[in-house]
Each structure stands twice: as C-alpha cells, then as structure tokens.
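*Asks:* Sequence:
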Amino acid sequence: MKVIRKIVKETPEKTERILKIDDTHMVIFDDFRNVRLNERADLVFADPPFGIGFKGNLQTYHRKPDALTYVEVLKEEYPNFIRDLLEWSYDVLKDSGSMWLLSGWNNLRVVLDAVEDAGFIQLNHCIWKYQFGVFTRRRFTTSHYHLLLLVKDENNYTFNKPEHYAEDVWYIKRPYHHGERTAGNELPDELVEKCIRTSSNRGDLIVDPVLGSGTTMRVCLKLNRRCIGIEINPELEKRIKQKLGL
Numbered sequence: 007m008k009v010i011r012k013i014v015k016e017t018p019e020k021t022e023r024i025l026k027i028d029d030t031h032m033v034i035f036d037d038f039r040n041v042r043l044n045e046r047a048d049l050v051f052a053d054p055p056f057g058i059g060f061k062g063n064l065q066t067y068h069r070k071p072d073a074l075t076y077v078e079v080l081k082e083e084y085p086n087f088i089r090d091l092l093e094w095s096y097d098v099l100k101d102s103g104s105m106w107l108l109s110g111w112n113n114l115r116v117v118l119d120a121v122e123d124a125g126f127i128q129l130n131h132c133i134w135k136y137q138f139g140v141f142t143r144r145r146f147t148t149s150h151y152h153l154l155l156l157v158k159d160e161n162n163y164t165f166n167k168p169e170h171y172a173e174d175v176w177y178i179k180r181p182y183h184h185g186e187r188t189a190g191n192e193l194p195d196e197l198v199e200k201c202i203r204t205s206s207n208r209g210d211l212i213v214d215p216v217l218g219s220g221t222t223m224r225v226c227l228k229l230n231r232r233c234i235g236i237e238i239n240p241e242l243e244k245r246i247k248q249k250l251g252l
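First residue of the sequence shown? That's 7 in my numbering, and the numbers climb one at a time after it.
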C-alpha cells in the first residue's frame with residue numbers, strides 16, 4: 007500500500023473509494039478532476055464519452071448500472087469537459103510523456119481545439135476502422151474512431167515502432183459479447199495494447215482518467231506497466247473485478 011499512497015494525493019472525503027489490485031495497480035472511483043497525483047505519468051490513455059447525446063438507455067439494451075461502461079456528458083457541457091480532461095492530463099504527465107485520446111467525429115473540432123489550448127502537440131492522427139457500425143438509412147454508416155497521439159515535447163517522447171511500416175489506419179475488430187449485459191462500447195485489448203506498447207516501456211506509469219470497465223488496467227497488468235485508473239461510476243467495480251479475474 008505504500009507505493010499507492012505515495013502516488014495519490016488527498017481527495018475529498020466522499021471520494022475515498024479505492025480498489026487496490028496490488029502495490030502498483032489501483033482504481034479510484036471518482037471524477038478525475040478531484041484526483042491529484044504525486045508521481046507524474048509516462049502515458050495517459052483516455053477513451054472519454056463523446057458527448058453525442060446517445061439515446062440508448064438501460065432498458066433498451068438490457069443493461070444494468072454495473073454494465074454501463076460510461077457516464078455520458080451532455081452536448082452543451084462537452085467543450086468544458088474535454089478541456090478539463092486534456093488540461094488535467096497535461097498536468098499529470100512528465101515532460102517526456104504522451105497521451106492517446108479517442109474521439110468520435112461529431113465533436114472532433116471541439117477536441118482538436120482543446121488539444122491545442124491545453125498545450126499538447128499532435129504527433130499523429132490515427133484511424134481505428136472497426137466492424138459492426140450502427141446501420142443508417144440516409145447516410146454512410148460510421149465505422150471508425152479517431153486516435154490522437156499527443157505529446158508535450160516533440161523532441162522527447164517514447165515511441166516503440168510496432169512494425170517496420172507502421173501506418174495510421176488500424177483495422178482491429180471490436181469485441182463482441184453475445185448474450186452479455188454490456189454497453190457494447192468496450193475497447194478491444196488489441197487496440198489498447200498497441201497504444202501502450204508504442205508509447206511506454208516496462209515499469210512505466212500509465213494513467214486512465216476514464217477507466218470504464220478496466221481494459222486499460224488489464225492490458226497494463228499483462229505488459230508489466232504500473233497503472234492508476236480513475237472511474238466516475240462506482241457501479242463498475244463489479245465489472246472491473248470480473249474483467250481482471252478478481
């Protein structure tokens with residue numbers, strides 16, 4: 007527990023709920039804006055809500071609160087939310103640190119403006135092409151997300167090239183949970199692993215400020231990276247434990 011206490015600063019009394027996995031892996035159930043770290047991170051990985059006013063609800067998709075892997079942000083609140091996320095992440099990172107940020111296309115302009123305002127340098131704009139996009143009648147079906155690789159110093163960052171000819175369009179299948187009560191928006195381990203392998207080394211500290219169901223944590227355990235996950239929805243503790251085999 008000593009390692010964890012060295013990393014986490016004081017948080018409000020109402021937000022002391024922590025899931026300790028081991029001495030170098032933990033989940034804090036809180037809004038990331040309430041959390042400060044004593045140790046700076048080597049990498050931030052974030053797959054935040056997209057602020058698109060998703061109309062689905064628990065009943066429609068047979069969801070329970072412990073299976074809903076994100077808390078949506080209202081469209082009108084999204085610009086402030088994404089700015090807070092990027093500014094928080096910038097402050098958390100070492101000067102040589104990097105950030106992977108996922109985004110849909112709807113609010114991409116807002117995201118890119120916030121990236122610049124926070125002080126980040128955009129190193130790459132990758133595209134994740136996936137299968138099973140939501141069917142549409144009078145427009146093309148969306149079947150991709152944006153992955154932004156951001157750095158604080160374009161002359162000092164970690165980049166472990168994943169292959170000799172590494173392209174910025176990634177064809178990776180989405181996970182399919184037949185019959186499971188999940189939100190259907192969990193990232194594939196392969197995608198998260200590619201980002202973490204590329205932008206960090208063994209023993210590095212990875213922070214995910216919007217952890218969701220725990221994919222980032224599971225990948226960090228596999229790759230021998232330290233990890234702090236922050237998740238605003240305490241109902242997800244059950245799902246996280248299930249994913250981590252706890």
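Be careful, since some hints might not be right.
Stated by the list, open to error - Computed beta-carbon distance windows for the label pairs:
hint, residue 1, residue 2, range
1, 244, 129, 31 to 39 Å
2, 209, 145, 43 to 51 Å
3, 122, 162, 30 to 38 Å
4, 85, 230, 15 to 23 Å
5, 137, 44, 17 to 25 Å
To be verified - Simulated crosslink set (DSBU-like; lysine-lysine; CA at most 35 Å straight-line):
hint, residue 1, residue 2
6, 179, 135
7, 81, 158
8, 247, 167
9, 228, 244
10, 249, 100
11, 26, 228
12, 26, 247
13, 228, 167
14, 135, 100
15, 81, 249
16, 158, 100
17, 100, 247
18, 100, 81
19, 249, 158
20, 100, 167
21, 26, 158
22, 81, 244
23, 228, 179
24, 135, 249
25, 249, 179
26, 179, 244
27, 135, 244
28, 135, 228
29, 26, 100
30, 135, 247
31, 249, 167
32, 228, 100
33, 247, 228
34, 26, 249
35, 81, 135
36, 247, 158
37, 100, 179
38, 26, 179
No lab work stands behind these hints: they were computed from the structure. All residues carry an ideal CB built from backbone N, CA and C; glycine is no exception.
*Asks:* For every hint, state whether the structure bears it out.
*Replies:* Each hint, compared with the structure:
1. A hinted range of 31 to 39 Å holds for the C-beta pair residue 244 and residue 129, which are about 37 Å apart.
2. Taking 43 to 51 Å as the suggested C-beta distance range, the pair residue 209 and residue 145 conforms, at roughly 46 Å.
3. Under the hint 30 to 38 Å, the C-beta atoms of residue 122 and residue 162, about 19 Å apart, miss the expected range.
4. Evaluation of the 15 to 23 Å hint for residue 85 and residue 230 yields a failure: the beta carbon distance comes to about 37 Å.
5. Separation of residue 137 from residue 44 is about 42 Å and departs from the stated range, judged on CB atoms against 17 to 25 Å.
6. Distance restraint check for residue 179 and residue 135: the Cα-Cα separation of roughly 8 Å lies within the 35 Å cut-off, and the hinted pair is therefore satisfied.
7. Proposed proximity of residue 81 and residue 158 is supported: the alpha carbons are some 28 Å apart, at most 35 Å.
8. Only pairs whose Cα atoms come within 35 Å are accepted, and residue 247 paired with residue 167 is accepted, the gap being roughly 32 Å.
9. With a C-alpha separation of about 20 Å, the suggested pairing of residue 228 with residue 244 holds against the 35 Å cut-off.
10. Only pairs whose Cα atoms come within 35 Å are accepted, and residue 249 paired with residue 100 is accepted, the gap being roughly 29 Å.
11. Distance restraint check for residue 26 and residue 228: the Cα-Cα separation of roughly 17 Å lies within the 35 Å cut-off, and the hinted pair is therefore satisfied.
12. For the hint pairing residue 26 with residue 247, the CA-to-CA distance comes to about 11 Å; that is within 35 Å, so the pair holds.
13. This hinted pair checks out: residue 228 and residue 167 have alpha carbons roughly 19 Å apart, not beyond 35 Å.
14. A threshold of 35 Å between alpha carbons decides the hint, and for residue 135 with residue 100 the separation of about 30 Å falls inside it, so the pair holds.
15. At most 35 Å may separate the alpha-carbon atoms for a hinted pair to count; residue 81 and residue 249 meet this at roughly 30 Å.
16. Our distance criterion of 35 Å between C-alpha atoms is met by residue 158 and residue 100, whose separation comes to about 8 Å.
17. Distance hint between residue 100 and residue 247 is fulfilled; the C-alpha atoms sit about 29 Å from each other, no more than 35 Å.
18. A hinted pair counts as satisfied when its Cα atoms are at most 35 Å apart, and residue 100 with residue 81 qualifies at roughly 31 Å.
19. Of the pairs offered as hints, the one joining residue 249 and residue 158 holds, with about 32 Å between alpha carbons and a cut-off of 35 Å not exceeded.
20. Between residue 100 and residue 167 the alpha-carbon distance is near 21 Å, which keeps this suggested pair within the 35 Å criterion.
21. The straight-line distance between the Cα atoms of residue 26 and residue 158 is roughly 30 Å, inside the 35 Å bound, and the hint therefore holds.
22. Of the supplied pair hints, the one linking residue 81 and residue 244 holds, its CA atoms being roughly 29 Å apart against a limit of 35 Å.
23. With a C-alpha separation of about 20 Å, the suggested pairing of residue 228 with residue 179 holds against the 35 Å cut-off.
24. Restraint check: the Cα-Cα separation between residue 135 and residue 249 comes to about 24 Å, which is no more than 35 Å; the hinted pair holds.
25. Using a Cα cut-off of 35 Å, the hinted pair residue 249 and residue 179 holds, with the two alpha carbons roughly 19 Å apart.
26. A hinted pair counts as satisfied when its Cα atoms are at most 35 Å apart, and residue 179 with residue 244 qualifies at roughly 25 Å.
27. For the proposed pair residue 135 and residue 244, the alpha carbon gap of about 30 Å is at most 35 Å, so the pair holds.
28. The straight-line distance between the Cα atoms of residue 135 and residue 228 is roughly 24 Å, inside the 35 Å bound, and the hint therefore holds.
29. Distance check on the hinted pair: residue 26 and residue 100 sit about 24 Å apart at the alpha-carbon level, within 35 Å; holds.
30. Between the alpha carbons of residue 135 and residue 247 the distance comes to roughly 29 Å, so the proposed pair stays at or under 35 Å and holds.
31. At most 35 Å may separate the alpha-carbon atoms for a hinted pair to count; residue 249 and residue 167 meet this at roughly 28 Å.
32. Straight-line distance between C-alpha atoms of residue 228 and residue 100 comes to about 23 Å, which keeps the hinted pair within the 35 Å bound.
33. Taking the CA atoms of residue 247 and residue 228, the gap is near 15 Å; set against the 35 Å cutoff, the hint holds.
34. Simply put, residue 26 and residue 249 have alpha-carbon atoms about 15 Å apart, close enough for the 35 Å limit, and the pair holds.
35. Pair hint residue 81 plus residue 135 holds up; C-alpha atoms about 25 Å apart against a cutoff of 35 Å.
36. This hinted pair checks out: residue 247 and residue 158 have alpha carbons roughly 33 Å apart, not beyond 35 Å.
37. Our distance criterion of 35 Å between C-alpha atoms is met by residue 100 and residue 179, whose separation comes to about 32 Å.
38. For the given pair, residue 26 sits about 31 Å from residue 179 by alpha-carbon distance, which is consistent with the 35 Å threshold.
Hints 3, 4, 5 from the list above are not met by this structure, while the remaining hints are.
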